[in-house]
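Q: Here the sequence shown is numbered in this note's numbering, starting from 1083 and rising by one per residue.
Check the hints yourself; a few may be wrong.
[Said to hold, decoys possible] Distance windows between CB atoms, simulated:
no.: 1; residue 1: 1321; residue 2: 1126; range: 39 to 49 Å
no.: 2; residue 1: 1309; residue 2: 1117; range: 19 to 29 Å
no.: 3; residue 1: 1318; residue 2: 1124; range: 17 to 27 Å
no.: 4; residue 1: 1240; residue 2: 1309; range: 20 to 30 Å
no.: 5; residue 1: 1320; residue 2: 1103; range: 47 to 57 Å
no.: 6; residue 1: 1124; residue 2: 1221; range: 52 to 62 Å
no.: 7; residue 1: 1314; residue 2: 1159; range: 27 to 37 Å
no.: 8; residue 1: 1314; residue 2: 1104; range: 52 to 62 Å
Hint data in this document are derived by calculation from the structure and do not stem from the laboratory. Computed from a predicted structure; not experimentally measured. By construction, the Cβ of each residue, glycine as well, lies at the ideal position given by its N, Cα and C atoms.
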Amino acid sequence: MSLSFLPGIVPAALPRTTKYTTDDPVGQGIQWLFDAQNWQGANGIPLRLVEHLGYSALTIGLALIIAIPIGLYVGHTGRGKVIIVSLAGMLRALPTLGLVILFALLTSPLALMPPIWALVLLAIPPILTGVYAGISSVDPDIVDAARSMGMSEAQVLFRVEVPNGLKVMLGGFRGCVLQVIATVAVVAYLPQGGLGRFIVTGLKSYDYGSVFGGAVVIAVLAIVLDGVLALVTRVVVPAGLRGGALKRFQQNHHRDADISVAVSQGGTL
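Based on the provided sequences and hints, a complete structural model is requested.
A: In structure tokens:
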């Protein structure tokens, strides 16, 4: 099957662009970023940014729908954790571009959903492992106490385990977002839109300013979103369950339990 729908994988022997005043790729990238023409029109950065965010949101949304229920079930029951860990590791090892091209070849090279589904497979592992690890990290004594109070398994999961494991779960979500923002650029090879279009067309025409500028925009987008998610985590997760506070709580909890056992056995403090 022809790979003519993959522009930029093998760049054509085109002459180097002369629209820059320097031969330095970094300098060309800076000029490209400050060129007003690249910030307007159908091929401008704002429109490509919206496309990139749209592809990313669709990918992450589908991955959440698949990964969260599985992670909650495995984390709560402990069943299938070996399979889940092995599967997540296997999916992480898959090559992004190769998987995207394979899905396109097996279905429709010009359709949007084949590469999206390929990216969904790569977005599932960080969410799945984050949810599973978050639920599993909850102190078993807290879970047992909730059950002794008469809570149902659903109540234990959503009122005890999820709130206490939320920080770890959000960490997995942050990892997924960063991965998707970086890798969704490959859909431009098929060809689709997004910020990856600047990189693909730049490689095809030896426009290294476009390649450098597109990569910088993607990197800045990832950094900004990571900062936003870090702020959201700080707002959503209670102060007592963040970092050092949670560790101190767990240490005090186990210390109090050890003291109670010593007293019940007739020991002295």
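Q: State for each hint whether it applies.
A: Against the structure, the hints:
For residue 1321 and residue 1126, the Cβ-Cβ distance of about 43 Å falls inside the hinted range of 39 to 49 Å, so the restraint holds. For the pair residue 1309 and residue 1117, the supplied restraint of 19 to 29 Å holds, since their beta-carbon distance comes to about 27 Å. Distance hint check: the CB atoms of residue 1318 and residue 1124 are about 38 Å apart, inconsistent with the given range 17 to 27 Å. For residue 1240 paired with residue 1309, a C-beta distance near 29 Å keeps the hint of 20 to 30 Å intact.
Remark: the range hint 47 to 57 Å for residue 1320 to residue 1103 is upheld by a beta-carbon distance near 54 Å. The given range of 52 to 62 Å is respected by residue 1124 and residue 1221, whose C-beta atoms sit roughly 55 Å from each other. Our hint of 27 to 37 Å for residue 1314 and residue 1159 holds, since their Cβ atoms are close to 29 Å apart. Restraint check, residue 1314 to residue 1104: a C-beta distance of roughly 40 Å breaks the suggested window 52 to 62 Å.
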